[in-house]
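J.: Since the structure of chain C is provided, determine the placement of chain L on it from the hints.
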Amino acid sequence: MKYVDEFRDPELGRVLATEILAAVEPGRHYKFMEVCGGHTHSIYKFGVDDLLPENVELVHGPGCPVCVIPMGRVDDGIAIAREPGVIFTCFGDMMRIPGSAGSLLEAKAQGADIRMVYSPLDALRIAKENPDREVVFFAIGFETTAPSTALTLKRARAEGIRNFTCMCNHVTIVPPLRALLESPDMRLDGFVGPGHVSTVVGARPFEFIPRDYGTPIVVAGFEPLDILHAIRMILAQLAEGRCEVENQYARVVPYDGNPRALEVMAEVFELRPHFEWRGLGFISQSGLKLSEAYADLDAERRFSVPGIRVADPKACQCGEVLKGVIKPWECKVFGTACTPERPIGTCMVSSEGACAAYYNFGRFAREREVV
Amino acid sequence: MSVVALDDERGIALCADGAGARHSVETALVGPVAIGDSVLVHAATALARLS
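Read top to bottom, the protein sequences are chains C and L. Counting from 1, position 95 in the first sequence corresponds to residue 84 in the numbering used here; the numbering is continuous, with no gaps. Quick note: to get the numbering used here, add 149 to the position in the second sequence (first position is 1).
These are computed hints drawn from the structure, not numbers from a lab. Glycine residues also receive a C-beta, built at the ideal position from the N, C-alpha and C atoms. Do not take every clue at face value.
[Stated by the list, open to error] Facing chain C, according to a computed beta carbon distance under 7 Å, are these residues of chain L, among others:
#1 E175
#2 L189
#3 H191
#4 A192
#5 A193
[Claimed, not checked] Derived CB-CB ranges, DEER-like:
#6 G160(L) / E118(C): 15 to 25 Å
#7 E148(C) / A154(L): 14 to 24 Å
#8 E158(L) / E281(C): 26 to 36 Å
#9 S172(C) / G160(L): 39 to 49 Å
So that you can see chain L by itself, here it is in the shape it has in the complex:
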């Protein structure tokens, strides 16, 4: 998924999947992310940064 918006206060990113659907994703396990980053997501948690 790619990061499209950030909620730094809650540690959550809004991410878009390949089909464009948007999901709230916990990003605590991959450190700070930026808009445009690609992340591997499982059960709404980013496990790895791909970019």
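In isolation and in its complexed conformation, chain C is listed as follows:
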């Protein structure tokens, strides 16, 4: 198959659904976690969960990069944005993430020069166009977007652009997965592994999951047939007594990733001793900062940031959603006090957030069921 329509073929979807139904053991409950927010979005958008047997449950993991940013980091970003002469740039989703005293969008409305960019390259262009201003890029994302930030910093260095810095919030995927697997209240039968992160890191870093925790993982693409196929592959492993890393997304993901991307990341970034994740707390060696060689481009060194840890609002249950402990609709404020228009929690902001995906697509199917 080559074209996207082929990966959305309803007839093939029904064939896979029939195979999945035949592969499950009656009376056994299967709980699979899709790691990536892109998967969560596709599952709800295309109604993939409606095609699954009742005893196959999908829970949503911590793979939405916007959703895992803690409130304190938003406050730090706003503090920099309010510095005189600063142009603060970030991705669109990030603008609406609530901090303790409002979002970047609200700070912009109050006068801070905060601009939405499509990429770090856009931020660098703004820096070139405004040599008398300090331009800061608020970098977020897993290993999927980190190479883009790294290349941009290398480009800034090569072109001698001195008014450009980066506030680095990049995170890595393996530590939170290990933290979830270590969690006593988490029992998973398999993972639908992250597709685009694996384009960079490959599938090999996930070998610890079957080896150390006895849980299969299948790296999957983002179209509905990809996800159904991955679930079918996990069920086949369980039925055959196998437990390994498999790569359903081989048309894009090399088993060892993209060596050039890994090389540029290793040059520009280094691991922080620990980093706070919304809902998951501090996880050792899970966040990236700029390496010593790029310290002069680190916004956290050029500007003063409060660096204060801020607890999530009590009503918000994003933490439980991100850990797959509760479903979005089980949160006390889902769809009432917390909506995509007025989000309380991060999961309701990004299109990859489980709550936003469910609010935009899944709730209609559930409402039909309830009726």
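T.: This is chain L only, laid out in the frame that chain C set:
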């Protein structure tokens, strides 16, 4: 996205997405690309060559 033009000097390609919108894309991580190649792009950086 598919590559529609190349700026070899800057290491950047002009790429068109499925809707025809055009974007500048860094191609350093996938090696030399040619017009007509398909690439997987994240945050204006090509991460993988699809063709």
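J.: Let me make sure I understand: some of the numbered hints might not hold for this structure. Which ones are they, in numerical order?
T.: none
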